[in-house]
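Student: The chain contents come next:
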Amino acid sequence: MNPYLDDFPVLKEPMNGKRLVYLDNAATTQKPLSVLRAVEDYYRAFNANPHRGLYELSVRATEAYENARHQVKEFIGADKDEEIIFTRNASESLNLVAYSYGLNFLNEGDEIVLPVSEHHSNLVPWQMVAKAKGAKLVYLYPDATGHLTEEEINSKITPKTRIVAVAHVSNVLGTVNPVREIAEKAHAVGAVVVVDCAQSIPHYPVNVKELDADFVAFSGHKMLAPMGIGVLYGKQELLDKMPPFLSGGEMIEYVYEQEATFAPLPQKFEAGTQNVGGALGLAAAIDYLKQVGYDTIMKTESELLRYMLDGMAQIPHITVYGDTTGATERCGVVSFNVDDVHPHDVSSILDADGVAIRAGHHCAQPLMRYLKVNATCRASLYFYNTKEDIDIFLASLKKVRGWLGYGA
Amino acid sequence: MNPYLDDFPVLKEPMNGKRLVYLDNAATTQKPLSVLRAVEDYYRAFNANPHRGLYELSVRATEAYENARHQVKEFIGADKDEEIIFTRNASESLNLVAYSYGLNFLNEGDEIVLPVSEHHSNLVPWQMVAKAKGAKLVYLYPDATGHLTEEEINSKITPKTRIVAVAHVSNVLGTVNPVREIAEKAHAVGAVVVVDCAQSIPHYPVNVKELDADFVAFSGHKMLAPMGIGVLYGKQELLDKMPPFLSGGEMIEYVYEQEATFAPLPQKFEAGTQNVGGALGLAAAIDYLKQVGYDTIMKTESELLRYMLDGMAQIPHITVYGDTTGATERCGVVSFNVDDVHPHDVSSILDADGVAIRAGHHCAQPLMRYLKVNATCRASLYFYNTKEDIDIFLASLKKVRGWLGYGA
Amino acid sequence: MGLEQIYSEILSEHNNSKRNKHHIDNPTTVLKGVNPSCGDEIELELRERDGVIEDAAFTGIGCAISQASTSIMIDLIKGKTKEEAIELSKLFFGMIKNEITDEDQLEPLDEAIALKDISHMPARVKCAVLAWHTLENAVEGEHAANHEH
Amino acid sequence: MGLEQIYSEILSEHNNSKRNKHHIDNPTTVLKGVNPSCGDEIELELRERDGVIEDAAFTGIGCAISQASTSIMIDLIKGKTKEEAIELSKLFFGMIKNEITDEDQLEPLDEAIALKDISHMPARVKCAVLAWHTLENAVEGEHAANHEH
Ligand SMILES: Cc1ncc(COP(=O)(O)O)c(C=O)c1O
Ligand SMILES: Cc1ncc(COP(=O)(O)O)c(C=O)c1O
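Protein chains in written order, with the numbering used here: chain A, 1 to 408; chain B, 1 to 408; chain C, 1 to 149; chain D, 1 to 149.
Some hints here could point you the wrong way.
Each computed DSS-like pair below joins lysine-lysine, with the alpha-carbon atoms no more than 30 Å apart [to be verified]:
id, chain 1, residue 1, chain 2, residue 2
1, B, LYS80, C, LYS126
2, B, LYS18, D, LYS97
3, A, LYS372, C, LYS126
4, D, LYS21, A, LYS241
5, A, LYS133, A, LYS235
6, B, LYS136, B, LYS235
7, A, LYS133, B, LYS133
8, B, LYS399, D, LYS82
9, A, LYS136, B, LYS133
10, B, LYS398, A, LYS133
11, C, LYS82, B, LYS235
12, B, LYS398, D, LYS126
13, A, LYS399, A, LYS387
14, A, LYS209, A, LYS241
15, A, LYS398, C, LYS21
16, C, LYS21, B, LYS80
17, B, LYS160, B, LYS241
18, B, LYS398, D, LYS82
19, B, LYS398, D, LYS18
20, B, LYS399, D, LYS126
21, A, LYS131, A, LYS156
Hints listed in this document are in silico derivations from the structure and should not be mistaken for laboratory results.
Using the sequences and the hints given, assemble the complete structure.
Tutor: In C-alpha cells, the structure reads:
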C-alpha cells in the first residue's frame, strides 16, 4: 500500500462507481490534509490583513505570511526573502516578467529564444512582448526523443538574444530540459533566463543557483498547495531595476496626486491584499514534500513510469511521444495516442472506468503542430499513485478501440 | 447576543488574554464556518483543473466554478455570466481595466476624473495610465462632511473626460459616493465609469444596472470569502473590444508560433489555472450574506455606528473625520484622531485591550494630505460586531491619553 | 454515464463509415465549424435548390461524437427544407440540453436520439452540437463559425 | 505585551518634553530618516568636532515610540565619539532583535533599556529603530534614508 494515500481523501472517493485513478497530476495535484488544515487554522485563528495592522492579529498574519516567503526562499535556494514574490499562479509570474522586464528592457530586433514545447503561459506573453517591442521569437526544436540538442541551443542563442524562456520540465513530453547549459550559453551573450518550473518543482529539487536562473516561476496548486498562489523568484539586481507591474495598495511608498514612489522588494510587486491563506497552504505543502522527500518521490515515480511505459508498449495501436522507454532523464508525464481514436474519446472511455487522464493540446499548440498531431492523451503521475492505478489504466486503455468498433 | 458570532470562531479566541474586539473589517472580514467548509469540501471531494479535463472530476470542478460565476452575476444584477471575470483581488481587477482599457482607449490630453479619497488601488493604476498615454488626472474634492457636491462633479466631468474612477464607499470616511449621478454625467460626455465596490458590497446591495457602472471591482476577502479571489464586472461590449491582459493557458483559442487568437469572454481574461477553491468560497460567502440579508446588515451596522459616534462624541480630545453624526448615508467606517497621540500609539494601546483597529494612511495618502493629517485611526464595523464590542472600544479609547502622560 | 449508450453501434458505425465524409458537387454553402478548445474542425457543404437541401456532406477532423453527430445530421437533413432543418436542430438542442425528454416528441431525430445521453456528459456536449450549430449558421446565412458551447 | 513597560514614564516623558526637539547651531550633518509605511519622519542634526558628537537634536513627526527613542538616543550620544555612537547603535539593535538580553551587557544603553520590550511588538520595531538607523547612516556618511525594517 502507498503510505501517503490516507492523506488524500479525494483519492479514496469512488468516481463513477469506481475507485478514482487520478492521472492528471500535471494539470493539478490533490492536496494532503495537512495543507487543508494549515489554511483552515489560519482562518480560524489569526486571519487579518497583513502588513496593514499594528494589532496582534495582523502581526501574526504578517509573520506567518513572511515566514512562508522565507520557507519558499530556503526551499529553492534563493539568496534573500526579497527575491520571492507571491503571485496567483505560474502564468501570472511569467506575465509579470514579460510586462515588467520584457516591455522595459527589450528593443527592436532583440531576440527571445524559447523551445517550441513551451506551455502557452511561457509563450503567449512573449508574443505580446515581441509584438509590442518589435522583437523576434526564435524557437528551439527538440529531437525525436523530445530533447534539445547542444547544437540547436548553440545555433539559436546568439548575441541578439536578450531573453531565453524555457521550461525546466515539459508538461507534454516530461522532458527535462538542460536549463543549466542553456543558462550558461544565455549568460555568455548577456541574455536573461526565465525558467518555468511549474512541472519540475513538484517532482524534482529546484535550486535557483544550480539552475543559474534569473527568474523562476511556479504554481502552488501543482505541488500540493491550494489554487490561487504562485511564486516568482527573481535575482534582486533585476527585480530592483524593474518597474512595478500591478499597482495599488501595499506596493507604494509615497503617493501624491500626480505621482507615486514605490516600496522596496518584495512589496513593490505585491499590489493589494495578498492571499495569506494560500501562502500558508504553500508553506504546508513544502513541509509535506520535504517530509516525503524528493528521493522517495523520484524513486516512486520513475518505477511507476517504467511500469506504465512497459505496459503501454505491449498494447497494440498506441503511439507514445518523446522518450518512450524512460531511458533518459524525464518526469512521469506520458503523452500518447490510440490509433484511429480521438484523444477525447479515449479520455471519456477511461473516465467510465474511473481513470482521469487529460486529452487535448495541453496548452502547447505549437508543439502539437510540430509533432504533427491535433491533440494527445496525457497520463501524469505523482508519488501517491500506485501500481494498481497503472494496472487499471492499462486495462481500460486496452478496451478503447473495441468501444469504437475497431479490432484490438 | 449576536446570533452570528457562533459562525466565526476567531471572534471567540482570546487576544492578549482578552476577548478579541475586531474593528478592522474594512481591511478584511472574518470568515464564517460555512465558507471554510465549502472550500474544504471542494479539495476533499472534487478538486481538479477546471475546463481542461473531460473526466468526471474536472467536469464537476468546472461546473462548480461556472456556477460560482453565475451566482456572482445574479448577486450584482449583471446581464450575463460572461461579464464576470474572476481575479485575485479588487486591485488586480482595477489594474486589468487600467491596462486593458486605459492603455488602449485613452489618448493624449484625455482626462481621468477621480475623487481624491480613492484607495491607492483605484488611483495609482490611473497614474500609470496617465503617464503612459499623456492623459491628465483630475481630482474631485469632497466637502467637510466627506461628500462630493453636484457642483464639484459637474465642473470636473467635461467632454475631455474619458474615464471616471470612483469608489462606491470610501474606505476612510465611509462616505457613500453618488455613483449613479456621476455615471449619468460621465455617460453624457461619453466617458466610462469604473466603480470600486470593495467597501460597499460587504454592507450594501450592489446592482451594476442601478449604479449604471461600466466596470465594477471588488474583493472576496472583504465580504466573508477567502483571500485570493476577486471580481471584475464589465459590460460585455467593452470587455469584447478590450485586448487580453494576462496571457497564457486557458485564455487562448489558437496559438501559432508567432501569433495567437483569444478565447471568448470570460476566459479571455482568465489566464492560467484559476482559484476554484476561492471562487467556491466566494459563492458560499454570497449564500451566507443572502441568508443574513442586507436589511439586517445595514440595520445592525447603522445602530452600532450611531452608538459608536455618540460614545466618541462624549470623549474629549477626539476628532472624527467626514460625517461625524451618522446623519447622512454612510457606512460603518470611522476615521479619527486623539489629540497629541499618534495613531500608531492609539492602535497599540487599544490592542492591549484586545481591540483591533487600524492606524495609518489607509492606502489613501492623497486624502490624508487633503485632510491635513499624517495618519488617522480607523474603526470599521461588520454585522457580527456587538454593542459590547463598542463599549470595550470606547473604554479603551478613554484611557489612551493617560497612557502617554496627558490629562484626559 | 451510459457510455454504452453513447458509444453505441450507431455511433461507431457513423464514426467509421466515411459515407457522408466527402465533397459534393456545386455546393451553395460551405461553412466551417470549430471547437477551438478541443481542436474539432468540420466543414459542412450544402447544395440547396428552391429552399430544399438537395445534397450535403462534410470533411474535417474530430472525435467520434462530433464525427458521428455530423454524419447522422447529414442523413437527416438531406431532402428537407431549410425550415425543417432548423426545426430539427432546435429539437436536437432541446434534447441535448435535457429540455425535451419525451420520446414521441424526439421521434423526428431518428438515429440522432442515440446522442441523448450526452446531456449527462457536459464536457462532450460541444462535440455533439458542433455540426448542428454549423448547420444553423449555414442556413441562416451567418458566416462566422459559432464558438458558443 | 508589557504595554506598561513600553509606555513607561520615561517614554511618555521623552515624548512630551521637547528637550531634544529643536535645531542646533552649525550642524555638520543633517540627515532625514523616514518610515514610509507609517509616515514617521525625523531629521537628525549633529555637530561633530574631532570625531566627537558635540551636539545633537532632531525635528520631525512620529509616534511616541519613535519620538522618545530619538530623544533618548540624543541624550546618549552627546559627547560620545563616532565609534562609541556606532557601538551603542549595535547594542540597541541587538536588544531590539532580542539577541542581547543580558542586563549587564545592555547597561550602556541606560534609559534606552526602557524600549527593550519592543522586541515583542514586531509592528513597532521600526518605530524604535528609526533614529538609530538614521544615526548610523549619518555617521557612516551614507546619505540615503534607510528603508529597512
Ligand atoms: C475602497 C477600496 N478599494 C480597493 C481596495 C483594494 O482591495 P484589495 O487589497 O483586496 O485588492 C480596498 C481595500 O484595501 C479598498 O478599501
Ligand atoms: C509547464 C507549465 N508552465 C506553466 C503552467 C501554467 O500554470 P498555471 O496554470 O498554474 O498558471 C503549466 C500548467 O498548466 C505548466 O504545465
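Student: So, for every hint listed, does it hold in this structure?
Tutor: Structure-based check of each hint:
1. B:LYS80 with C:LYS126: Measuring from Cα to Cα gives roughly 20 Å; hence the hint holds.
2. B:LYS18 with D:LYS97: 26 Å, holds
3. A:LYS372 with C:LYS126: Holds. LYS372 (chain A) to LYS126 (chain C) sits at ~24 Å (cutoff 30 Å).
4. D:LYS21 with A:LYS241: The given pair, whose Cα atoms are some 38 Å apart, is violated under the 30 Å limit.
5. A:LYS133 with A:LYS235: 23 Å, holds
6. B:LYS136 with B:LYS235: 24 Å, holds
7. A:LYS133 with B:LYS133: 17 Å, holds
8. B:LYS399 with D:LYS82: The given pair, whose Cα atoms are some 41 Å apart, is violated under the 30 Å limit.
9. A:LYS136 with B:LYS133: Distance ~25 Å between LYS136 (chain A) and LYS133 (chain B) Cα, so the pair holds.
10. B:LYS398 with A:LYS133: The hint is violated at about 60 Å.
11. C:LYS82 with B:LYS235: This hinted pair is violated, its Cα atoms lying about 35 Å apart.
12. B:LYS398 with D:LYS126: Within the cut-off at roughly 27 Å; holds.
13. A:LYS399 with A:LYS387: 19 Å, holds
14. A:LYS209 with A:LYS241: At roughly 20 Å apart (the allowed maximum being 30 Å), LYS241 (chain A) and LYS209 (chain A) satisfy the hint.
15. A:LYS398 with C:LYS21: 28 Å, holds
16. C:LYS21 with B:LYS80: 38 Å, violated
17. B:LYS160 with B:LYS241: The hint holds at about 21 Å.
18. B:LYS398 with D:LYS82: At roughly 44 Å apart (the allowed maximum being 30 Å), LYS82 (chain D) and LYS398 (chain B) break the hint.
19. B:LYS398 with D:LYS18: 25 Å, holds
20. B:LYS399 with D:LYS126: 25 Å, holds
21. A:LYS131 with A:LYS156: Holds - the C-alpha atoms of LYS156 (chain A) and LYS131 (chain A) are around 20 Å apart, at most 30 Å.
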